[in-house]
Structures are given as C-alpha cells and as structure tokens.
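Sequence lines, in order, name chains Y, V and D.
When we follow our numbering, the leftmost residue of the first sequence carries the number 57, and every step to the right adds one.
When we follow our numbering, the leftmost residue of the second sequence carries the number 35, and every step to the right adds one.
When we follow our numbering, the leftmost residue of the third sequence carries the number 40, and every step to the right adds one.
Please keep in mind that the hints were generated in silico from the structure rather than gathered at the bench.
Predicted, not measured: the structure shown is a model, and the values here were computed from it.
Built from N, CA and C at the ideal position, the CB exists for glycine as well.
There's no promise every hint is true.
Simulated DEER-style distance windows between Cβ atoms [what the hints assert, rightly or not]:
| hint | chain 1 | residue 1 | chain 2 | residue 2 | range |
| --- | --- | --- | --- | --- | --- |
| 1 | V | Arg-220 | D | Arg-103 | 51 to 57 Å |
| 2 | V | Pro-253 | Y | Ala-86 | 40 to 46 Å |
| 3 | D | Glu-49 | Y | Arg-271 | 43 to 49 Å |
| 4 | V | Asn-87 | Y | Lys-344 | 37 to 43 Å |
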Amino acid sequence: MNHTTTTALPARAKSSRDQWFLGGFVVLYALIALFSGGYFVYLLNLIGIFALVAIGLTILTGFSGQTSLGHAGFFAIGAYASAIFAQRWGVPFWLAIPLAGAFATVIGALIALPALRLKDLYLAIATLGFGIVTQKVIFEWRTVTGGGGGMQVPMPSLFGLSVADGSRMAWVIAATLAAGTWAAFRLASSRTGRALSMLRESETAAACIGIRVARYKVVAFALSAFYTAVAGGLYANVVRYVNPESFDVNMSIMFLAMIVIGGMGSVRGALLGAAFYVAVPEAFRGFKDAPGLIFGISLMLVVILLPGGLTSLLRARRKAAS
Amino acid sequence: MTAELIIGGLASGSLYALIGIAVVLVLQATDVPNFAQGEMAMFSTFVAYTMLNTYSLSWWIALPAAIAFAALQGIVVQQLIIRPLLGSPTINAVIATLGLNMALHSVAGMIWGNLTNVFTSPVADLPVFRLFGVNVSPDSALTILVSVAMIIVFTLILRHTRAGIALRAASQDQAVAKLMGISVSRSFALAWAMGSVAGLVAGILVAPILFLDVNLMAPLLIKGFAGAVLGGLSSLPGVFVGGLLLGVVENLLGAYVSGTFNEALSFILIIVVLIVAPAGIFGRVKSTKV
Amino acid sequence: MNRSATLSIESISVSFGGVHALQDVSLTLEPGSIVGLIGPNGAGKSTLLNCISGISRPGAGTIRLGETNLTGRRPDQIAGLGLGRVFQHPQLIPELSVLDNLMVANHRTLRYSVLAEMIGLPSVRRAEAEARHAAMQVAARVGLSPSLGMVTGSLPYGHRKLLELARVILMGARHLLLDEPIAGLNDAEIDHLGHVVLDLQREQGLSVLLVEHNMGLVRRLCNHVVVLDAGRVIAEGTADGVLSDPRVLLAYLGEVPADA
Chain Y
57 MNHTTTTALP
67 ARAKSSRDQW
77 FLGGFVVLYA
87 LIALFSGGYF
97 VYLLNLIGIF
107 ALVAIGLTIL
117 TGFSGQTSLG
127 HAGFFAIGAY
137 ASAIFAQRWG
147 VPFWLAIPLA
157 GAFATVIGAL
167 IALPALRLKD
177 LYLAIATLGF
187 GIVTQKVIFE
197 WRTVTGGGGG
207 MQVPMPSLFG
217 LSVADGSRMA
227 WVIAATLAAG
237 TWAAFRLASS
247 RTGRALSMLR
257 ESETAAACIG
267 IRVARYKVVA
277 FALSAFYTAV
287 AGGLYANVVR
297 YVNPESFDVN
307 MSIMFLAMIV
317 IGGMGSVRGA
327 LLGAAFYVAV
337 PEAFRGFKDA
347 PGLIFGISLM
357 LVVILLPGGL
367 TSLLRARRKA
377 AS
Chain V
35 MTAELIIGGL
45 ASGSLYALIG
55 IAVVLVLQAT
65 DVPNFAQGEM
75 AMFSTFVAYT
85 MLNTYSLSWW
95 IALPAAIAFA
105 ALQGIVVQQL
115 IIRPLLGSPT
125 INAVIATLGL
135 NMALHSVAGM
145 IWGNLTNVFT
155 SPVADLPVFR
165 LFGVNVSPDS
175 ALTILVSVAM
185 IIVFTLILRH
195 TRAGIALRAA
205 SQDQAVAKLM
215 GISVSRSFAL
225 AWAMGSVAGL
235 VAGILVAPIL
245 FLDVNLMAPL
255 LIKGFAGAVL
265 GGLSSLPGVF
275 VGGLLLGVVE
285 NLLGAYVSGT
295 FNEALSFILI
305 IVVLIVAPAG
315 IFGRVKSTKV
Chain D
40 MNRSATLSIE
50 SISVSFGGVH
60 ALQDVSLTLE
70 PGSIVGLIGP
80 NGAGKSTLLN
90 CISGISRPGA
100 GTIRLGETNL
110 TGRRPDQIAG
120 LGLGRVFQHP
130 QLIPELSVLD
140 NLMVANHRTL
150 RYSVLAEMIG
160 LPSVRRAEAE
170 ARHAAMQVAA
180 RVGLSPSLGM
190 VTGSLPYGHR
200 KLLELARVIL
210 MGARHLLLDE
220 PIAGLNDAEI
230 DHLGHVVLDL
240 QREQGLSVLL
250 VEHNMGLVRR
260 LCNHVVVLDA
270 GRVIAEGTAD
280 GVLSDPRVLL
290 AYLGEVPADA
C-alpha cells in the first residue's frame, strides 16, 4: 500500500471562513458606531460586551465541556473590581479593567480546583453556588461595594480625553472585542484549543494522550473568568452604575442561553448569541414577559431541532476534502 | 431557642426536601436534572389557586384536579421536550429545562400578572400546637408530614406496582427493558408525572407561607437542588435528609453566625461537602465503563 | 522515554465492590514483541489495560516499564513514558478534522505557552507547521492522507480506528496497548490494519499488547499469547499452543469438544 503522496490541505478552510465572518462583523460594527444615533451605539456596546462574555463562556463550556451556571459572578467581579479600583484608588479605567480581569482570573483558577473533582450536575450546582455567593458577598460588603444601594462608576477617560460618550466607548469595546476574538481563534486552532476539545470528548482518553487534565481545566476556568470579567469592567464603564441585583442567577442562565442559541463551541456562535441576546428584548420593548418567553422557546427549539445553534444556519454544508 | 430554630429549620428543610424529591425522582428515573421543576410547580399551584379562588371550587375538587393537571404537565413536558433528547448528552436536556423554566415563568406572568396573591392553606384554621415545648404552626407540621408521606407513597409505587417496577427497570437499562416489553417512553412519562405532582404539593405547601406570585419557586428550586446534592442524589430518603439538614443548618447559621449571609454560607458548606465527598453524603457515584 | 524497555506486570489484583476483576495477573511484554491477550467477555482484559494506562489503580501488584514504576501514576504521565492506549471505541473530536484530531498527539512536543498561542507569535506558527508536517507523514503511513481535511464526525468507522492508531504512533508511543482494534471492521480493513501494525512494529521495534477476539489476527500477529478467564491467567504460550489447550477451550465454550 503506497500512500506516500500527501494532498494539499483545503487551505485551512474553516478558519478563512471565520475570518470573513469576523471581518464582516467588524465592518458592520464600525458602520453602526460611526453613523447611527446614540441609542444604537449603546446597543452595539452591549453586544460587544456580551460577545466577550459569550467567548469566555464558550472557552469553558463550549470547548472544554465544563458547564457553568454562575458566570454572572465573574461578570460582577469584573464590574465591581473595575469600579472600586477607579473610585477608591483613582486607577484609570484602561488599567482598572485589566486589573479586574487579572483578579477574576485568580478567582477563576481557585474555583477550578474544587471543580476538578466534580462532574456534570455537581459542577453545575457548584458554579451556581459560586454565582449566588458572589452576588451575596457584593450585597453584604457594604463598605466596599455600597451594598444594595449600588455604586457609581467614575467617568472613564483616556489620557485626559473623556470616553464616557457611547460612541467613544464603542471604539474601546470594539478594539477589545477584536483582540479577544483574535485570541480566541488562535486558541481554538492551537494546542490548548485541541486539548480542551479533547477534554470535552473524554477526560480519560485525553489523559492517555498525555494531556494533563487538571492543568487544562484550570486554564479553561482562568481564561473564561478573564474574558467575562473584562466584559464586566467595560459594562460598568458603559452603564456607569452597578448594583448587585442585576448580577443574579437569571443572568448566568442567560449567558448560557446566549452561547447555546448562537451555537456552542464556536467563536462565531458567541458573537451571534450576543447579538440575539441584546436584540430580542429591544425588539419586544413594552412586552414585559415576551423576551423571557422567546429566549425560553428558542433554547428549547435549538436544543431539540437545531443543535448547532444559529451559526449552523450560516455554515456552508461540510464537504469532504478530496 | 435552639429547639425553635431546629423545628423551624425542619419545616423549611422539608420544603427543600419536597422539591429535592421531585428533582431526584426524575433524575434517578430518567437521568435528567429538571431545572424547570420550580416553575412547573408554580404553574400548577397557580392553576390550583385559580380553581379555588376564581372559580370558588372546594378543596375536594380543586386538589385532585390540580394533581391531574400536574401529572399531565409532567407527561407533556417529557413527551414533547425530553423524549426527543433521549440519547444526546445530558447537558442538552439541562439546557432544554432551563429554557422551559424561562418560558413557563413568562407565560405565568402573562396569564396571572405580577401581583402577589394570598393563598389560603387548607389547615389555616387549625391552631398552633406545642411540641417539645416549642410552638409549631400547623403549616410547618403539615409540610413535614406531607413530605414523609410523599416519600412513602413514591417508594411504594416504585417497589410494589407494576408500573413502578417497570420504571426502575427502564431507568437501569433501556435496551434490556425494551426487550422485556417495557415501554420506556411510558415509564419515563410516569416518572415526570410523579415529579410534577411532587412539585405541585410543594407549591401548595409553600404558597400560604411565602405568598403566591410568579417568583415563588425560583429560590426554592435552587435550595431544593442544593439539599438534594448534599444528600447525594441517589435515594429519596437521602434527599429528604439532605433537605432537612440544609434547612436546619441555614436556620442555625442565621441565628448564630449571620442573619443575612446564612444562605451564602450554606452554599459554601455544600461546595465543601462536595469536595470531600463528590457524590454527596449518601450518594453513590455511578461508575461508567471506559 | 525508555527505548527498549520491558513492560512487566507483576501480580496485579483489582476488585470493584467485592467483584475480583483481576487476581494475581502477571504478564511480560518484551521490547519488539507482540503479545496477545485473549479470553471470554468479562475476563478482565480491559481492566488490565486500564491498570496499565493508569486509569484504574490496582489493589495489589506492580507495573514496571524497565526500571520505572508505573503503578499509581497518572495516565498522562504514563503516556509520556511511551505507552499508547487505543480504546475499543474511538475517542475523537467529531467537529474537528482528521488532521486536527491527529495533532492532539503533538501535545507534548509543542512547547509554546498559552499566552504565546493566543497572541499568535510567529514561533507558534512555525511550531504548528512542523507539527502538521509530522502528522501528515504519519497519516500517510497508515493510509489516511486522502481524509486529512475531513471532519471526523463523517468518517467511516474503519478510518476512525486507523486514526486512533495513527494518533498513538504520532505520540511517539513505543508500547502500544490495543483494545480490540478490529472490532467492527470488514475483511479488507482488518487486513489493512494488520499490515500497518506489523509494518510499524517491525520498522520501529514497537512492543504491542493486543486484546482481541479475532483468533486469525492473533495467530497472524502474536509471538506470545496470554489467556485470561474470570480475572486469572489460565494459560500462556504460542498462539497455536494456547488455542488448542483444553483449559482455554473450556473457558470459551463451556465444555471441551470431543475432537479437541
């Protein structure tokens, strides 16, 4: 049997299609940022922020298969930490946010440790507990966080120039999202991404190929926490006022809903899910219960009928390479 | 003082236990953690309330009707949503139930609005009685008694009726059960019906205490799950003990450590227990063949 | 990695909740040899493989690779020492391509950090390109080149098994643990896989522990065969010798045929 000829690979087809998608997204984003009114820009900012959350959650749940029902906790940590660093110690927002991210990363890594021993449902409950505990801590620690009354976020400024305006903030968010998306694509097509995907398939098989399961779970949690917390920090600077009530279990569940509806396990899905998450309540303003119903039904429909999420509608049919 | 805390804890704990029972029943039988359990219970409870108040039916009619509704609800959910997902990873069913949770909450809001309603307990007119020198409200006593009764009833059904035994066979090994002529789909529908009824009972017991509105069950569901996890998701008595334990610990922590932080502390406690015993206090981890 | 080390399994015993899955099992895998492990279902063959790979912990006994003690080590450490496990049911990432699945094996050789990876440094790209090249060569070796870009979810079963084999080869494994590698394959595929294993083994001096039910393959490939029944070794020797041993026939058939 002579199979020494190697055919040229279909030029990394998957990633070039992704690059087109990302490019399109960026162009659309820029157009809206430049040419629309304040309210659309605000929505756009929210999409950008939640897209970062979605990517973070995708790394943990989509790639590595670790279900988290507590990601609102990391989002809250990012928001509050940025606000506190800025307000208490006058740290400029562009430093406060990454610092908050780093802080959340450490917490994420710590959370991973008990998570190593827990599987599936138990892990889900433990992450649920994390989210609840975080919300409660923020609520109780009045001296630092302002408790139930919430906290004002100082005006963000970049080298003396105020960035509080939505359209200025849009550039910051767009840049962060672009960097985050780039990094996530890189991750997916390299060693860590493959290891995480293998982890999701079978931890045992992954270990037998030489993957240190524990290490990668910690990496997944840490990265996920970082993305989500940075998003939280941006969120704080956009809404300029945070209070613990918004970072509840429902938010965590909505985060999961985002990536499921968008298409779990892909960065494209994360972006689509975030857009869906922001667009639906907007489309149904005035109908209090309608968004919940739509999200709920969408989730069920996606899981039963369209497991690949919205992104699978856009994906060209897979062809076998020849 | 401590005795009062403990009795109070047992009362709230038995509520957690009831939800936990509903969840574990379905989990053990069909391998799906039902995150919509709370909203399903809330919905059925609202149906009961509507029959009692809007249509002024008596308890003797409303209760069986509500139970029938709950059972039907369980069957419909299982057949329409869960059954198509048989065979795919459990996370899909989890997500589906989370979606159902949201949808039911919204629909309930649409039908019954967001008012808070007073739900009169069937034992509202009974006096408070004393036990071990502590005042026990009839509601608390009813809750504890009903939880125990439900466990007994469900255990009897599972052990001594044909349908129950068929269900246990189906949950152990679907392929073999089918070969033996057991309808797996029907058995699973039965499990979900039972779970939904258990939820309804929990709702009816809780509503008089916490007042009936669409947000009634959400916090309870989480505690129910937590208590069940603590007791080790494998047996109904284990879940019962776990729920009670959670209720008592919460009360004691609330009084002796911190009034507002006790819920969070309870969760931390559960996470610690899980680290030490990943399958809960009484749990047994299902081993899987590689 | 021990280039030519002997894998010694000494008096391994394992029980699961009162059931003795393995009792006092010993086995030696000399470098460059192919040993068959046969026995009726439930004999403990997969359990033994699990102990060697580090998935299960034996209650008693030791497993050694040359001088290094493997018992109690983590599976990824054991993999790093040169043991490659191929599972009965292929464990592949369905939405990634054949090539990407193969590249998982390059895990230990790619040394860049997570940060470098996410930035996308040129050094990372170079390392990836080299790893891709190595993967493509192994794929060619087993006959998977035409399928490299295919998504494994749509790969035929026979190719999945080949992919699993290619993966452990790419890993640099010197000692292969193959768990029923040809189950579910047709004759042509069995033939092909048998050839591939033999070629690779001869070329690289690999040692192979082969768990199999297909006696034809066992006869064809194995220098030495060990028979397991109810957790114990009941016979060992050459393939022909063992397959006409009445004790072995008894274990498989429940009785000794009159013409044995």
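The hints, checked one at a time:
1. V:Arg-220 <-> D:Arg-103: 51 to 57 Å: With a Cβ separation near 54 Å, Arg-220 (chain V) and Arg-103 (chain D) satisfy 51 to 57 Å, so the hint holds.
2. V:Pro-253 <-> Y:Ala-86: 40 to 46 Å: For Pro-253 (chain V) and Ala-86 (chain Y) the Cβ distance comes to about 44 Å; the hint holds.
3. D:Glu-49 <-> Y:Arg-271: 43 to 49 Å: violated, 31 Å
4. V:Asn-87 <-> Y:Lys-344: 37 to 43 Å: The hinted range 37 to 43 Å is violated for Asn-87 (chain V) and Lys-344 (chain Y), with Cβ atoms some 23 Å apart.
Of the numbered hints given earlier, the model fails hints 3 and 4; all others are met.
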